[in-house]
Amino acid sequence: MASTTALTADERKTRQRAIGGSVIGTALEWYDFFLYGTAAALVFNHVFFPTMDPLTGTLLAFGSFAVGFVARPIGAIVFGNYGDRIGRKRILVITLMIMGISTMLIGLLPSYASIGILAPILLTVLRFVQGFGLGGEWGGAVLMSLEHGDPKKRGLSASWPQIGVPLGLLLANGALTLFLWLTDDEAFLAWGWRVPFVLSAVLIAIGLWIRLHVSESPEFEKLAAEGNRVKHPILEVLRTQRRELLIATGSRIGTDVAFYIFVLFVVTYLTQMVGVEQTTATLVVLISAATMILFIPAFGALSDKVGRRPVYIGGAVGALLWIFAFFPLLETQNLALIIVADFVGMLCWAAMYGPLAAFTTELFPTNVRYSGASLGFQLSGILGGALAPIIAVALYGRFESWLPIALYVAAMLAITIVSVVIARESAKDETVLTVEEARR
Numbered sequence: 007m008a009s010t011t012a013l014t015a016d017e018r019k020t021r022q023r024a025i026g027g028s029v030i031g032t033a034l035e036w037y038d039f040f041l042y043g044t045a046a047a048l049v050f051n052h053v054f055f056p057t058m059d060p061l062t063g064t065l066l067a068f069g070s071f072a073v074g075f076v077a078r079p080i081g082a083i084v085f086g087n088y089g090d091r092i093g094r095k096r097i098l099v100i101t102l103m104i105m106g107i108s109t110m111l112i113g114l115l116p117s118y119a120s121i122g123i124l125a126p127i128l129l130t131v132l133r134f135v136q137g138f139g140l141g142g143e144w145g146g147a148v149l150m151s152l153e154h155g156d157p158k159k160r161g162l163s164a165s166w167p168q169i170g171v172p173l174g175l176l177l178a179n180g181a182l183t184l185f186l187w188l189t190d191d192e193a194f195l196a197w198g199w200r201v202p203f204v205l206s207a208v209l210i211a212i213g214l215w216i217r218l219h220v221s222e223s224p225e226f227e228k229l230a231a232e233g234n235r236v237k238h239p240i241l242e243v244l245r246t247q248r249r250e251l252l253i254a255t256g257s258r259i260g261t262d263v264a265f266y267i268f269v270l271f272v273v274t275y276l277t278q279m280v281g282v283e284q285t286t287a288t289l290v291v292l293i294s295a296a297t298m299i300l301f302i303p304a305f306g307a308l309s310d311k312v313g314r315r316p317v318y319i320g321g322a323v324g325a326l327l328w329i330f331a332f333f334p335l336l337e338t339q340n341l342a343l344i345i346v347a348d349f350v351g352m353l354c355w356a357a358m359y360g361p362l363a364a365f366t367t368e369l370f371p372t373n374v375r376y377s378g379a380s381l382g383f384q385l386s387g388i389l390g391g392a393l394a395p396i397i398a399v400a401l402y403g404r405f406e407s408w409l410p411i412a413l414y415v416a417a418m419l420a421i422t423i424v425s426v427v428i429a430r431e432s433a434k435d436e437t438v439l440t441v442e443e444a445r446r
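Numbering (my numbering), first residue to last: 7 to 446.
Each hint should be verified, as a subset may be incorrect.
Unchecked claim - Below, a list of computed lysine-lysine pairs in the PhoX-like style, where the Cα atoms sit at most 20 Å apart: (1) K158 / K434; (2) K311 / K158; (3) K158 / K228; (4) K434 / K159; (5) K158 / K19; (6) K95 / K19; (7) K237 / K95; (8) K228 / K95; (9) K434 / K311; (10) K159 / K19; (11) K311 / K159.
These aren't lab readings, by the way, just hints derived from the structure by calculation.
Keep in mind the model is a prediction, meaning the values are calculated, not measured.
Assemble the whole structure, with the sequences as input and the hints as a guide.
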């Protein structure tokens with residue numbers, strides 16, 4: 007692909023549209039996903055699990071949250087396989103519709119008081135559908151941005167869809183915080199929390215319009231023209247890319263655990279263990295998420311200059327050390343110190359998440375990249391983000407101390423550090439985007 011200086015005006019516009027479409031579409035999908043996670047921390051224990059004590063109800067709400075992570079590898083297998091065979095663009099349109107419709111239906115779901123046990127069952131089913139759609143989203147969005155981008159700035163190009171995570175988190179928490187302020191506790195539990203979910207119908211329309219106007223990845227078009235597609239990409243990954251798959255999975259486990267502690271469990275910890283008001287807890291997360299929108303691409307660009315591994319490892323080591331200061335700062339109940347605690351934690355996470363997309367996708371050749379990168383990314387979600395809030399709540403319930411939680415996070419980050427250390431450095435590898443034969 008030509009360098010940036012050689013691009014025509016039309017080519018530059020195409021590249022910008024592809025990256026912009028990936029960012030906006032991914033932000034909308036993560037909005038759907040995080041809306042559920044925040045509601046699980048604040049609402050679902052009352053609306054769908056009201057017969058339990060508060061801590062058990064929260065644990066069950068997070069259990070339904072974890073179901074989405076179980077579905078994500080299934081989505082990664084299905085959509086990754088087709089994304090490598092028929093193209094990235096068409097799959098991204100499908101995943102957006104699946105996520106949006108399931109989120110809207112959650113907002114319309116009757117409560118436990120109305121339909122009994124059927125309410126949490128349907129909630130869990132819809133969460134599974136959410137996760138299934140998201141399983142195919144990340145890989146396609148990252149590849150559209152990376153494969154349209156400058157080959158010499160892959161870290162920066164691939165990091166743009168990554169800001170969809172804090173953008174989606176910002177939108178989700180912002181929407182719920184708005185209705186917390188606009189309603190009293192009774193009205194918020196009755197209908198206020200539902201409005202942000204139903205608004206997904208509007209977001210679907212916006213996202214579809216954007217994605218339908220983005221061109222297919224040039225790397226995939228080249229792959230198809232040369233006849234180098236494989237019939238069963240996911241089987242090819244499992245047969246020839248097992249080491250790369252393990253590295254992709256291990257490298258994200260600690261990243262995922264740290265993230266869900268810093269943005270999800272922190273809300274539960276502040277409101278139920280420390281005694282901070284809900285609006286204050288969500289405000290802390292909003293501040294951290296907003297600043298990460300700037301830092302994620304900055305770390306992605308830095309990885310183009312100094313390498314993926316140094317930036318990634320630096321963030322993981324920083325998060326491992328910071329977690330032992332994180333909880334004591336939360337327990338001060340001082341808003342400024344709480345903001346500092348979450349901001350520094352999220353900064354360390356951004357140092358991992360910025361280069362993560364390029365690091366993961368560069369492990370795999372083009373003709374199985376969607377399948378390999380998606381599966382590795384989503385498998386780590388089960389071991390990382392799916393279990394992190396559940397384990398954290400269970401550890402606190404057992405020991406009534408933050409220290410076991412910090413030790414758990416540190417252990418998961420150690421797995422990430424080892425995985426990145428044993429990986430090859432690919433930032434300066436000019437052949438990473440070259441089409442390769444999958445059957446070696």
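Taking 20 Å as the top limit, are the C-alpha atoms of K434 and K311 close enough? The given pair, whose Cα atoms are some 9 Å apart, holds under the 20 Å limit.
Would you check the hint for K159 and K19, treating anything up to 20 Å between C-alpha atoms as holding? 17 Å, holds
Restraint check for K237 with K95, where alpha carbons must lie at most 20 Å apart: 19 Å, holds
Hint check: K311 vs K158, CA-CA at most 20 Å. Holds or violated? 10 Å, holds
Hint check: K158 vs K19, CA-CA at most 20 Å. Holds or violated? It holds: about 18 Å lies between the C-alpha atoms, which stays within 20 Å.
K158 and K434 were given as a pair; does the straight-line alpha-carbon distance stay at or below 20 Å? Measuring from Cα to Cα gives roughly 8 Å; hence the hint holds.
Pair hint outcome, K228 versus K95 [Cα-Cα no greater than 20 Å]: Distance ~15 Å between K228 and K95 Cα, so the pair holds.
Regarding the pair K311 and K159, is the alpha-carbon distance no greater than 20 Å? Cα-Cα ~9 Å, so holds.
For a C-alpha distance cap of 20 Å, please report whether K158 and K228 respect it. With a Cα-Cα distance of about 19 Å, the restraint between K158 and K228 holds, given a limit of 20 Å.
Within a Cα-Cα threshold of 20 Å, do K95 and K19 meet the stated pairing? 17 Å, holds
Is it true that the CA of K434 sits at most 20 Å from the CA of K159? It holds: about 10 Å lies between the C-alpha atoms, which stays within 20 Å.
Going through the hint list in order, the structure satisfies each hint without exception.
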